[in-house]
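Here the protein sequences come in this chain order: X and B. Read in order, the letters of the first sequence correspond to residues 1 to 305 in the numbering used here. Read in order, the letters of the second sequence correspond to residues 1 to 211 in the numbering used here.
Simulated from the structure, these hints should not be mistaken for laboratory data. Some hints here could point you the wrong way.
Calculated lysine-lysine pairs in the DSS-like style (CA-CA distance at most 27 Å, straight line) [said to hold, decoys possible]: (1) B:Lys166 to B:Lys151; (2) X:Lys295 to X:Lys305; (3) X:Lys148 to B:Lys41; (4) X:Lys211 to B:Lys66; (5) X:Lys148 to X:Lys81; (6) B:Lys107 to B:Lys151; (7) B:Lys166 to X:Lys211; (8) X:Lys110 to B:Lys66.
Since the structure is predicted, the reported quantities are computational estimates derived from the model, not experimental observations.
This is what each chain is made of:
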Amino acid sequence: MDETVAEFIKRIILKIPMTEMMTILKTWDFLSEHQLQTINFRQRKEALMHNLVLFCEEKCASLNDAASLDIIYTQVFRHQKLWDVFKMSKKTGRDPDPFDEDHFKRSFMKVLRRALQNVTVSFRDGEENAMWIRIAWGTHNTKPNQYKATYMVYYPQTPYVFISFSRLKRNLPLLSQVFETHNSTSPLQERSLWLNTNMDLRIIHENQLEKERVLKVTQETFGDYPQPRLEFAQYQLETKFKSNFGTSILADREEPLRCLIKFSSPHLMEALKSLAPAGIADAPLSPLLTCIPNKGMNYFKIRDK
Amino acid sequence: MAAEDLNTVFSHQQSNLVQLAELSDDLFSSLGEKVFRPLDKLPQLNTPTILLVSTEEALLQQLVDKMLREDCASQLLVHLAKSLPLPSNVTRPRIDLIVFAVSLHSKHSLQNVQESLRQVDTSFFLGRVCFLAIGAGQENHCSVHHQTILKLARTYQSPLLFTDLKTEGFLVAMAQPLVRMLQICAGHTPGVSTLSLLPLQSSESPFLKDL
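In isolation and in its complexed conformation, chain X is listed as follows (with noise of 0.2 Å):
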């Protein structure tokens, strides 16, 4: 058995209280019977850790044994820790697919691996259908640190997941690519769907609230179903020059100024649609082009009231 593996299962085992230590190892279900039954709990905590850790050098235990009874340790004790929570948003129109643990798992793995080589990931089920994951994070030179690992708590049929952050800030930007931690006091966010194997932890959109924020908006006006097919759109403007600089020849004018503005377009709703999306121009757009299919006209003259 590793050296760092044994004292990793050293220092987890001193943390367990006496009154929990058999139910736990019980659950861990990694020792005999046999071993079990010839535990002394009446001898000193030292005595029993160094039995324990006999015991599981006998059975050659493994880094993913040990983290697992890590995890086991932070079930029982998960009050230890602060959790935040983060609300995934599904896209809308897809029925969600039946939860396969399998895929997800790999799924998962697949995603952390791409970024970082050196990662301990571990999976336990608990209770209510709860998937508790656990990534104990190295770098490109290091191993993982055991120690300071990150736990989630994923309920697959909700979109909700737990996770407690470890001090290690520098994974923070990974994570966030998946969860973004925007502002702790309030860590209920919205996040478009979770796992999506293309994604690559190394990149990190900046402006990722932006994009989502001007998304939601164009379809909350447009909708989600194809436009009204238009091909042009015109705008007579009849108004009086409005100046903030005070008097000049343009705003003593009495006449009003008369300007045309044509739009036109092999499918012009939909040109509109893209605008905000692709940065071109500010959402929510003007009420003037998006009450085109409402109004149901597409020839408009605007005056002064």
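We have chain X already, so just place chain B on it with the hints.
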């Protein structure tokens, strides 16, 4: 290049940069905003980080994919932003290289970059900034003259690369130098510092004509 010539090069750069610093200090003090500085954070081990600022994020996505596929000993991190300043409530690593990408087909894209440039501290321009001009090949779509972007790059003393991000060949040809530049800026190439990138600028700089 002889040592004395190098000295002339650098002192010329310095005087230009002092002028630039005075100009931007005025701007900054009037704006009173937080300024993007290159060395105000500790670097992370082996993660050179590049920030691409552009309104044309969709076009840049392909370039980014090619860059990440480049064979590189370091672990690259890419940040894509539409403009500066960046949202301040997210922790992010130290940025080693900023690439401002302007689409020559869009005046809005140029304007966006010009405004974002004001948010960057002058010490970034010692080799940690690079300009990318996209789409010069399609003359009839260009609304920004290539002289404009040349002038911009010259004003900010930074290299300018022309590219067309639509063809595979151009993408690869652009990805490699950018990755190498990033490695140099992150200090991952021994013996080469960001100041060595200064001669990559426009060859119409006056001092090079003397050599």
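Broken hints, numbered, in rising order? No hint contradicted; all consistent.
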